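Student: Listed here are the chains, written in short residue letters.
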Amino acid sequence: MRSKLVSLKEAVAGFIKDGDRLVIGASLEAAIPFAATFELIRQGKRQLDLIAPISDASADMLIGAGCAGSITGAWVGNVSGGLGHNYRRAMEQGIPHPLKVNDFSNFSLAMALMAGAYGMPFVPVRSLLGSDITQSNPDHKILQNPLSEAPDPVVLVKPLVPDVAIFSVPRSDVFGNAHFWGSLGVVQEAALAAKSVILLADEIVEPAVIASDPNRVIFPGFKVKAVAHEPASQYPSPMTGCWKRDNAFFNDYHQRSRDREGYLAWLEEWVLSQADHAALRAKLGKRLDELRIKGTALAAPANFASE
Amino acid sequence: MRSKLVSLKEAVAGFIKDGDRLVIGASLEAAIPFAATFELIRQGKRQLDLIAPISDASADMLIGAGCAGSITGAWVGNVSGGLGHNYRRAMEQGIPHPLKVNDFSNFSLAMALMAGAYGMPFVPVRSLLGSDITQSNPDHKILQNPLSEAPDPVVLVKPLVPDVAIFSVPRSDVFGNAHFWGSLGVVQEAALAAKSVILLADEIVEPAVIASDPNRVIFPGFKVKAVAHEPASQYPSPMTGCWKRDNAFFNDYHQRSRDREGYLAWLEEWVLSQADHAALRAKLGKRLDELRIKGTALAAPANFASE
Amino acid sequence: MSSGYSTQELMIIASAREIKDGEVVFVGMRLPITAFGVARLTHAPNAVGLFEVGIARFEPAKDMLYTMSDPPNQLNAAWCTGTMQVMGLLQGGQVDAGFIGGAEIDRFGNINTSYIGGHRQMKTKLPGSGGAADIAAMSKRLLAIMNHEPHRLVRRVGYITSPGGLDGGDSRRKAGLRWGGTGAVITDRAILKPHGEDGELHLFSIHPGHTADEVKKHTGWDLKDHPDQMQTPEPTPIEMDALHAIDRDGFWRS
Amino acid sequence: MSSGYSTQELMIIASAREIKDGEVVFVGMRLPITAFGVARLTHAPNAVGLFEVGIARFEPAKDMLYTMSDPPNQLNAAWCTGTMQVMGLLQGGQVDAGFIGGAEIDRFGNINTSYIGGHRQMKTKLPGSGGAADIAAMSKRLLAIMNHEPHRLVRRVGYITSPGGLDGGDSRRKAGLRWGGTGAVITDRAILKPHGEDGELHLFSIHPGHTADEVKKHTGWDLKDHPDQMQTPEPTPIEMDALHAIDRDGFWRS
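Chains as they are written, first to last, in the numbering used here: chain A, 1 to 307; chain B, 1001 to 1307; chain C, 2001 to 2254; chain D, 3001 to 3254.
Treat the hints as calculated values from the structure; they're not laboratory data. Just so we're clear, the structure is a prediction, and the values are computed from it rather than from any experiment. Any given hint could be a false lead.
To spell it out: a stretch of chain B is covered by chain D in this simulated footprint if at least three of its residues, at any positions, have a beta carbon under 8 Å from a beta carbon of chain D; those stretches are [stated by the list, open to error]:
1. 1047 to 1053
2. 1189 to 1198
Below, a list of computed lysine-lysine pairs in the DSBU-like style, where the Cα atoms sit at most 35 Å apart [claimed, not checked]:
3. K1225/B to K223/A
4. K2020/C to K1223/B
5. K223/A to K3224/D
6. K1195/B to K2217/C
7. K2020/C to K244/A
8. K141/A to K158/A
9. K2174/C to K1004/B
10. K1225/B to K2123/C
11. K1223/B to K1009/B
12. K141/A to K1158/B
13. K3224/D to K1244/B
14. K2140/C to K141/A
15. K3062/D to K223/A
16. K2020/C to K1158/B
17. K3123/D to K225/A
18. K3193/D to K3174/D
19. K2140/C to K158/A
20. K100/A to K244/A
21. K2174/C to K1195/B
22. K1286/B to K1100/B
23. K1223/B to K2123/C
24. K2193/C to K141/A
25. K1225/B to K2193/C
26. K3123/D to K3020/D
27. K3224/D to K195/A
28. K1141/B to K141/A
29. K3062/D to K3193/D
30. K2123/C to K100/A
31. K1100/B to K1141/B
32. K225/A to K195/A
33. K1141/B to K2123/C
34. K1223/B to K2193/C
Yeah, the Cβ is synthetic: ideal placement off N, Cα and C, and Gly gets one too.
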């Protein structure tokens, strides 16, 4: 097998195009690959469709930087802060430019990605009946259940097939075989549905480490096109077993992004003036060290021996 | 919380009724709770509907013993031996009595259980088009995809909701929180779809052992109604990390069940004359010891510490 | 507020009382997760908490959570899985109750967290549903937590993100929702519960230090009295001890 | 058979040659899993093997397997997951090829593993589909392995468990199957491949030691010659070494 190890810069430049439908993190508030968010902004990608149930402040940052053409999601904001100011400005005032929203709920989006993952023509959902989400997003079609004689409306959701799904993972080998643990959100569905997968690995390990526990592999390595070795790629979001959340960073972003000028200054300081994620790690210094999980609470041993 | 620990006898007597729709093992050829198969036979349960994609020789044994009213499955036989002789006798000659078959493929059955697990009204499948399985099982309905203008037939599969799903697991606490690893087959879908779950645990562990690794929990403990501590409950099938497969046992069963008399003699020797699973373990003695996995190939550590 | 507890602490304890023992509850963040912890430590030791990120928990997390994905919520969880699995239980009718918050709620319990003014003439863009629409549609009983102001408790929301009783009466069932609906709306002034044939929200319980008149003045429709109207009981020492055991840093005390 | 290899060893090697490098292949048990191993060790080092129990593997298992769930197939697997996830890839068009066996196959490659004589007038009950119907319907290319006897290679199967070309021509597409169909049928005497407008199976390759006449005599329909007909090349020393490295106990040598 051929190594898929590249730099984050190469991964974003080589595998993501303007207009792509992109999943940037799929476990809602954890393991969001903000390093990729920042690199997409630095490379000036445009008209991206951001697919995610919730991806904390990542979508808001990309919207403010003018990278997003549309949102296919259930929630855009700042989980600990509240509203997403860039999202509001784009939707209410068209700043920096207008944005299309394809409204979903977490469940209907999970189901749509599952339909993409498993090649389903559509997926019937009993949620969203009575919700105006079926009005603002006509991709949610209400139809009579064809197997029921009695009136039984169901919502048919179309499959979603992202062009690229990007994930932060605690460890991967150079071939894209990776472990992930903790809550999974829609990571599996997004990875299996996507045309290609990019991994940002906190640690690069020998293939034998991954092979020692095939149940922690959430999606197969053959879906992965590129692996970047990028510690704390999920910063400021948390990653189970590796990194705590930097709540202060989210709150600072929330305060400073209240107006456009504040956001642009924030963007210059934290993204545009940083050459790459290593520069951001250096800038954070001790602040990042303090977020590193140093305790040990190991999973009970699981044996895979065959003899 | 209240302990759910009971004997296998109590679990089968208390939680399984004649006519129940039953999943006995859902990982195809591994971790089939044969101890429950044998106990169902000893307790003379009748008219069970056996739901499973494949459950190696378990279904064939239950059919021969007169416990099965119907099969809702994709394959009934003896995986290493071939045909299931009791299945053939029941279907071809009505011995010991006629049997109804609800034909599925592995995928359509997995999908039907998934629909049951996730409360879906039906699930659309692109398999089985052109297959006579849609003829012999009219629960697979071919309909036009309502979201497509062009002709696009899809098979709509109804959800399956088993009354009880029984699993062999390597370890569980007394509250029904259990770990399972290796290939999962349709374990998760069957457990989430079932009205109740019974566990046969190779080992009973402290709750902290299970809580140390919530990703190895495949279904939540609140679905579990009873836990029986029964080592080698999956014998003669294998269980990852615990037990190898007893191929000779399957082959012997295959040879002896070729005719009805041979099967009845086999049944007397291996099931009816055994008071319980402990008696079977004693009868197997050293043969069982040799199947125990003694090597060690541990999963790489995974940390769940939060600080 | 009355001495000994804050308004938010009272809301948490009032919410905890809505959780029954043995129930499977979608808890979500902030007040509800703390309410779940109080319930577990008092009258509901067998309750199970679900989080849409893919977590089930018995014991509440030991440390402060800013998001439900934070490491303390992963450590010693009862089940770590995906959104599909957990929300699938919801769709399958296996979840007894769910908590959600909201920016706007109307007299039938419909909640808007998407577009103030509606999606065609939007005045304010809110973050959206997240899992709220699903929890409202598919849990057996919906518990809403709101700040009680006339612009929040309105006659009719401009956009229904999360369905309550829709237009009242059997309109929820007619829309195809086979179970569920509003169980209680817990505010900083009172508890509202549906009553009567159309299931309009009525004033059920008035928090200590508040009056019926004041509550009604802060409600955007003509709020009627529930026939079983009561005063919200003060937090008991047992409840307060449970709350303090969970909220060790006093986050909700101010 | 010719000295140096058994018929089954030849079938395994002929099957291995049908796997291209980098392909994702549903391998199943017995001959195909060994064929996958030979392919990996020779011309297809980047092939991936899938098993419907919920396993993906790069390297074949190190020990003899009686079932695909056996412990050696779990140890150092590339991915352990569920049937849904693995077969979902199949439905999504992410699987290049799939191997299945069968009791009966017809001239259009349809396979019966359910009811000899059809389900209404069943003569013999066979075990059923397992995953075969799915692999036949949804992999991009179906590879079938059969024993070559006139009662097995029949004009028309009594029951289609696993669809090949159905009635030939565009009938497979018309039934709604958007891709796939028979790539090759590998028997103990020959390899058949579809040819012509209706895609009937033709005699493509004759194994060493067999003749066209003999193969046709053992086929239940008037088997026609493929225009590119050839002799199956003898196993090369490299192929045989690979096979012996996998089949260390000589299970397939007899």
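Student: With reference to the structure, classify each hint as holding or not holding.
Tutor: Evaluated hints:
no., hint, result
1, 1047 to 1053, "violated (count 1)"
2, 1189 to 1198, "violated (count 1)"
3, K1225/B to K223/A, "violated, 39 Å"
4, K2020/C to K1223/B, "holds, 17 Å"
5, K223/A to K3224/D, "violated, 41 Å"
6, K1195/B to K2217/C, "violated, 48 Å"
7, K2020/C to K244/A, "holds, 33 Å"
8, K141/A to K158/A, "holds, 9 Å"
9, K2174/C to K1004/B, "violated, 41 Å"
10, K1225/B to K2123/C, "violated, 51 Å"
11, K1223/B to K1009/B, "holds, 20 Å"
12, K141/A to K1158/B, "holds, 20 Å"
13, K3224/D to K1244/B, "violated, 47 Å"
14, K2140/C to K141/A, "holds, 24 Å"
15, K3062/D to K223/A, "holds, 25 Å"
16, K2020/C to K1158/B, "holds, 33 Å"
17, K3123/D to K225/A, "violated, 51 Å"
18, K3193/D to K3174/D, "holds, 21 Å"
19, K2140/C to K158/A, "holds, 27 Å"
20, K100/A to K244/A, "holds, 33 Å"
21, K2174/C to K1195/B, "holds, 27 Å"
22, K1286/B to K1100/B, "violated, 40 Å"
23, K1223/B to K2123/C, "violated, 45 Å"
24, K2193/C to K141/A, "holds, 32 Å"
25, K1225/B to K2193/C, "holds, 34 Å"
26, K3123/D to K3020/D, "violated, 39 Å"
27, K3224/D to K195/A, "violated, 41 Å"
28, K1141/B to K141/A, "holds, 21 Å"
29, K3062/D to K3193/D, "holds, 32 Å"
30, K2123/C to K100/A, "holds, 16 Å"
31, K1100/B to K1141/B, "holds, 19 Å"
32, K225/A to K195/A, "holds, 10 Å"
33, K1141/B to K2123/C, "violated, 47 Å"
34, K1223/B to K2193/C, "holds, 31 Å"
Going through the hint list in order, the structure does not satisfy hints 1, 2, 3, 5, 6, 9, 10, 13, 17, 22, 23, 26, 27 and 33.
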